[in-house]
Each structure stands twice: as structure tokens, then as C-alpha cells.
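Novice: Below are the chains, spelled out letter by letter.
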Amino acid sequence: MQPNDPILKLRDVQVHFPVKTGVFKRVTGHVRAVDGVDLDVRRGEVLGLVGESGCGKTTLGKAILQLVRATQGTVTYSGEDGETELTSLDDAGLFRFRKRLQIVFQDPHSSLNPAFTIFGSLEDPLRHYGVKTREERRKIVGDLLEAVNMRRESMDRYPHEFSGGQRQRIGIARALSIEPELIVCDEAVSALDVSIQAQVLQLLMELKREKNLTYVFITHDLSVTEYLCDRIAVMYLGKIVELCDAEDLYANTLHPYSEALLSAIPVADLDKKSRRIVLQGDVPSPVNPPSGCPFHPRCRYAVDRCKTEVPELRRFKSAKGEHMAACHLIDQPLAE
Amino acid sequence: MANDVALTVKGLKTYIYTNNRCNRALDGVSFEIRQGKTLCIVGESGCGKSVTAASIMQLLPTLSRIEEGEITYHGPDGPVRIDQLPRDGAKMRAIRGKEIAMIFQDPMTALNPVYSIGFQIKEMLKYHTGLGRSDRHSKAIDLLRSMGIPLPEKRVNEYPHLYSGGMRQRAMIAIAMSCNPRILIADEPTTALDVTIQAQIFELMDTLKRDHGTAIMLITHDMGVVAELADDVAVMYMGNIVEAGPVGKVLRNPVHPYTRALLDSIPVLGRGKDQEIKAIPGQTPDPYNRPEGCQFADRCAYRIGACDQMPDETQVAPDHRVMCWRYEEFAADAAE
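Each protein sequence line maps, in turn, to chains V and H.
FYI, our numbering numbers position 326 of the first sequence as 326, with every residue one higher than the one before it.
Counting the second sequence from 1 gives a position; our numbering is that position plus 1000.
Keep in mind that the hints are not guaranteed to be accurate.
[To be verified] As a list, the in silico DMTMM-like pairs of lysine to aspartate or glutamate whose alpha-carbon atoms are at most 25 Å apart:
#1 K272(V) to D1274(H)
#2 K1154(H) to D282(V)
#3 K208(V) to E1276(H)
#4 K62(V) to E136(V)
#5 K208(V) to D124(V)
#6 K9(V) to D282(V)
#7 K1273(H) to D248(V)
FYI, nobody ran anything at the bench for these hints, they're computed from the structure.
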């Protein structure tokens, strides 16, 4: 296993949810939440998934863990014992891999059971994965809480006694409890105040270094991604429109959507005040995505070709690794 | 230039009572809002930003009281002491909505779901202007059109659930702007929205400021928004304005340790992966059990003995004030 080998390979992953209407619950359409995504997650990297709400980033995150089953395509996990296609396994077969792939949820208020003590919430995964005695579990949970900078004694308290930042750290401790290799952080810092957000970000980075973790970091905040991630995938309407090195995304933006997204972010730096590109209208419905390039109705460069032809994700020449973008109008040389 | 001041708040203390306990939500807050300028109030959750807005609008919860201080509205008919008006009195009702309007954080809960958008705009016009029925209807359509809502003739009769998040927020701005208020108070107007929609709303607010000379008080927790929109900034912490001044001075040369810590704790887009972010240790104190003296002292890296006493507001420059014992050292440091 090389450090840069892909830990997960996604090939043409689609997640479509049926839309049922009427008394007889007839299926009248599909929400194309994730619509054909090819993506490699490399071992030891932080991969950022960004996009507006409704673009399918959370669904993709859950599809990576097979918490939501992909309706088409494959998710392949490669570990010490070779490659396994997670999409072909049933729930019992997935059990073994749940240990390696974990998730931290967005809302720290609803992701902990209020009726359980912190120990109760944190011991559950341990019990399922074979830590038999209670003493041992108490010891491990205590260590975990210390690893996320909380006091060992807090394990016997209830979630309502903790603040948002503390709860989010408990959520991280729970994801860590069975020593996963990959953690999907679904908007893990979005609900927190800025001063607390920085604490959690630093904690995540420390844990990554210590335990050699891989993160898939889902967020809508591009300034956080740029700081934290090695690579960034920009999503729009269920598709990846740009995928590249984090610094490259800012220095050499290729896709018009990424350009608009970057310009729309308020930057806390008076010297970097830029002209914002205001996109017209809202994100179209993923039930009836526009024909051709899904971004063309809001794109200021759109030409006739964009309305009919779906752009492929193409590989462009770049100083830093690969730079992929899905747009017809990029006049940069392609990589061989 | 005293005549362009739209609203003055002086030594405002608002206390909220629950279960025989008292939350000194605002503990002596002073600022002014000027015509055609944007004042941004920035701070973490629970610091009293929204209570400030509610005090001005006289929309405080029942078990709370303005204990001390003055809120003076400089209207066309001379100054009015808002804090001395009865909450439900005719005078306050005439000012609220017509002269001072407010945009709320969550457009879904602030709009009434059982009335059409048009009805809710026309309600304002009915009570505050002498327009007839058909004039009100056409004015409502004009307002929606100026907010960039497509097909306003049709949309005016639709209900809030048919609007998307960004359109709801624009409809709410339309309601707020219907009577051309002199002051617009926006309480985190874009927190629930995506960045691209946020950019649309900001563009709209800039236009209002330019075309109508509206004074805007914008409440936010995002330093990026401050850098983007503000003319003046007030940084709040636990019921006090700890630093206030023009945006250029406060963001470039902050003299309060909290402002500095806040600016250091956020990743800034475009600075890449090498930027250093510093978390603020600890968390905000319990508002019912506040520490003695400077509220930030427990989290402050520059704490000295004097911090057990609350510092007074001091003018660093005629338009720049701060509440810190050691401001002179920071000011000297900033001047270098």
C-alpha cells in the first residue's frame, strides 16, 4: 500500500431517489441527487466536496459509506486484504467495512441521543466491534475523550450539558472510536461559531497527523476547504464540475461555476476585495435538470453548444497534479 | 455632520429575566447609524447582537426590559425617544415598519405561511400609506420586480412555500422596503442562504443604500461579510461593544484582543494552506453567571490584574473606540 494509492474508487456512481405522487404512490420521476460521479479518494489526503445546498454533496458522502445505496455504479474500497466492491455487498457484508469508514454529522444537537450518556453513545460501536468488558470500554472512551481535548469524567454526563463545540468533539470521538481509516465530515464545523470552529479544525488536523487518517470534507465554506484540503471537488446538480489541487482551484479556476462561487464568498481581507459575479436565479431542480451542461441557464459565458451537449470531465495541463473540469469553453491545453 | 445621523443608541442596557435569573444581555451599548452607511455588528452567538436589534424595534420578549440608556430616532419631525414609547402604542407602530424596517434571519419562519406574499406586502402599504387597493397591488408587483423576482404579476399571489429560500428572503426585503424606510435593520439576512444567493442579496442591499440613502444596520457573525459591506463596524462580546470604528481601521489595525483573535481564527480565501489560524481557547461564559470585570479576560492571552475590573470605553481616535485596559500597547503595536 503506497500512501497515494486510492483508498476508495467511485465509478459512475448514481443515486436517484424516486418521486412518488398521488394516492397510489406512483413513481413520477427521480431526484438525481448524484448523477454519475467518478472520483478517487487517496490514502492520507483531505478531499473537499463543495457546492451549494441541493447539489448532492451530502448524498455523495453517504454513498461513499454506502449509508445510501448507489442506484448505479461502483464504490470500491482497497485495504490490506485487496479490493472490495462495497456496492455489491449486502448490509451484513458491509459490517466489516463500517469499522474502516466513519462519518461525523453536521448537526451536533441531533446526532447524539439525548437519553444516553456520552459513554452510552460512545460505547455502542465498541461493543459491536468486539470490546467485551465494560471496564475496557470505559477506558477506551475515556482515552477518546481526552484525545479530543475533553475531560474523562464527562462520559457520564448527558448531551444537553455540553455546548455545540463540545458535542461536535464528542461526535468526532465517536467516529474515531473504532479506529477508522477514512472519516467523512459532513459540514462538521458549519454549525459552530468561528472561534469554536477554529478549535475543531485544529483538532481534526492533529488527529489526522497522529492517526494517519483520510478525510472527505463536505462543506459549503470554500475558505475552510482551501485551508484544510489537499484536493477539492466542486459539485453542481449531482455532478462534479471541477476537481483539482486546492491551491490550483484558487490560482487557476477553470469552470465558470467555480469562478462565480469563489467570487461570491465574502473575504475577510480588505485588500482582496474583488468584484463579485452575481449568478442569476437559483439552482435548478434535480428532478428536471436542464439539458446539456446543467449550469448553462446561469452561466454568463453559455453558448448554443452548452444547451445541447453535456460536457465531459476533461483533464487539463496543470503545474500541480491533475486538474479536471467539465466545460466546453475552456481554451487550455489538455493533458496527455 | 450631525444631521446625517439616523439613530443614536446611548448606554443601552437590556436585561432578560427567566426563572428568577437575570441575563444582562446588553450592558451599556452605544453607537449611531448614519444615513447611507452600513453599520455591521459582528460577534459570536449569544453576544447580544439580536437583542440590540430587538431593542431598537421594541420587539423584545415580554420578560425583558430596557433598564437604562437611550434610543433616539432622528426622524423627519425631530428626534423621537424610542425607548420611552409604549411597545404597542400608535407612535411606535407608525415608526416600526415605516421608518425603521427589519429583515429577519429565517425567511420561512418570519413570513406567514397562510397569507400570500402579495398580501403580506400590501398589509404594510395599507397601514403605513394612503394608497388605494389597486395602487397597493401594482406597488407590490413593482416591489417584487425591483427585487428581481421573475413573473411578479403571477408570483404576487403565491404563498411562501412556493418560493425558494433566496426568493423568500428577497420577498422579505420587499416587505421591509415597501414604505422606503430610513433605517433597515438586517439580522443575519443571509446565514440560511448559499453564497451565490447571498451575493444576490448583498447586491440588492448595496443598491438600496446607494439609491435611497437607507441607513443599514447589518448583524452578522461573518468577518467576510463585514469586509465586504460595512462602512462602520462594532464588535460585540457578551453584551458590550468591545471595539467600534470605521471598517478600515478596525479590520486593519484592531486594538482589542478579541477582535484580533476573531480575525486570526478564520481561514481567509486566497491565502492558501500555509496560513496559520489560531483558535480562541475556551468558550463564551454562561450569560446568567458572568465573570466579574472584563468578560473576555478568561479567554484572553494578554490578561493582567486590572482585567478584574470592567474597562471603560476609550477613544483611540475620534472615530475609533475600544474597551480594554491595554489598548495603548495594541495601538502602538498596530501603528508600527
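Novice: Against each hint, give a clear statement of whether it holds in the structure.
Specialist: Structure-based check of all given hints:
1. K272(V) to D1274(H): holds, 17 Å
2. K1154(H) to D282(V): Cα-Cα ~18 Å, so holds.
3. K208(V) to E1276(H): Between K208(V) and E1276(H) the Cα gap is close to 17 Å, so the pair holds against 25 Å.
4. K62(V) to E136(V): violated, 31 Å
5. K208(V) to D124(V): holds, 23 Å
6. K9(V) to D282(V): Violated, because 32 Å separates the two Cα atoms, which is more than 25 Å.
7. K1273(H) to D248(V): holds, 11 Å
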